[in-house]
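Protein chains in written order, with our numbering: chain S, 342 to 454; chain Y, 22 to 134.
Some clues are possibly wrong.
[Stated by the list, open to error] Taking beta-carbon pairs under 7 Å as the criterion, some of the chain Y residues facing chain S (in silico):
| no. | residue |
| --- | --- |
| 1 | 61 |
| 2 | 77 |
| 3 | 105 |
| 4 | 121 |
Treat the hints as calculated values from the structure; they're not laboratory data.
C-beta atoms are modelled at their ideal positions from N, C-alpha and C, and glycine is treated no differently.
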Amino acid sequence: QKEVEQDPGPLSVPEGAIVSLNCTYSNSAFQYFMWYRQYSRKGPELLMYTYSSGNKEDGRFTAQVDKSSKYISLFIRDSQPSDSATYLCAITNYGGSQGNLIFGKGTKLSVKP
Amino acid sequence: KAGVTQTPRYLIKTRGQQVTLSCSPISGHRSVSWYQQTPGQGLQFLFEYFSETQRNKGNFPGRFSGRQFSNSRSEMNVSTLELGDSALYLCASSLAGESYEQYFGPGTRLTVT
């Protein structure tokens with residue numbers, strides 16, 4: 342079983358739609374959960390990270406973590422064509438000196454005008 | 022503040038050659054991590070350096086190596102290149118090794134022929 346599973350999509354939605362992106366993970370030791378956005382031919386851009394179960398909001402983006410189900414989600418409200426990119430979830434089992442990021446394979450999102 | 026920079030951006034090498042990639046972290050960041058991104062395997066952790074010491078290493082063969090200089094700049098080297106080493110190599114920096122808050126550069130696209 343892979344440590345992080347993410348549906349690769351592609352996912353196509355009309356402009357203004359609410360987008361839901363999801364990942365599952367296998368090891369309950371993981372403590373930090375990140376979402377990155379990667380445009381074509383660019384490096385990943387950190388959108389947000391969360392530590393505990395619950396929701397964290399930043400503008401149109403909401404990250405949700407359910408540790409009991411080992412399930413993480415990213416919601417994008419009022420999606421825009423500029424949101425078209427690949428979204429990567431990442432987890433790490435430590436902060437500080439002992440961690441490295443473990444990534445999902447990414448979900449390719451296309452927002453149509 | 023300038024972001025993470027990587028040079029060169031594109032590189033074409035022949036099987037059996039070696040290559041050196043360079044990464045300059047965000048000013049003030051002391052930790053540099055390297056990742057390999059391929060369509061099949063996604064983003065995979067190579068190694069992390071902090072204060073010129075390798076602190077963490079992923080599951081890659083010894084042909085992959087790196088180092089960090091006193092100004093936090095980092096290089097990675099791949100010897101005896103194989104076709105399967107063709108990938109986007111990404112460097113990420115963080116302030117003091119917080120794996121949950123890493124910032125990526127644009128990457129070096131390596132093609133091995």
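Is the hint on residue 121 of chain Y kept, meaning its closest Cβ partner in chain S is under 7 Å away?
-> Hint holds; residue 121 of chain Y Cβ to chain S Cβ min 4 Å, cut 7 Å.
Identify whether the interface hint at residue 105 of chain Y stands, where standing means a beta carbon of chain S within less than 7 Å of its own.
-> 18 Å, violated
With 7 Å as the cut and Cβ atoms as the points, is residue 77 of chain Y at the interface with chain S?
-> 5 Å, holds
May I ask you to test the interface hint for residue 61 of chain Y with respect to chain S, counting a Cβ-Cβ separation under 7 Å as satisfied?
-> Hint on residue 61 of chain Y: violated, closest Cβ of chain S at ~9 Å, above 7 Å.
Consistency note: the structure conflicts with the earlier hints numbered 1, 3.
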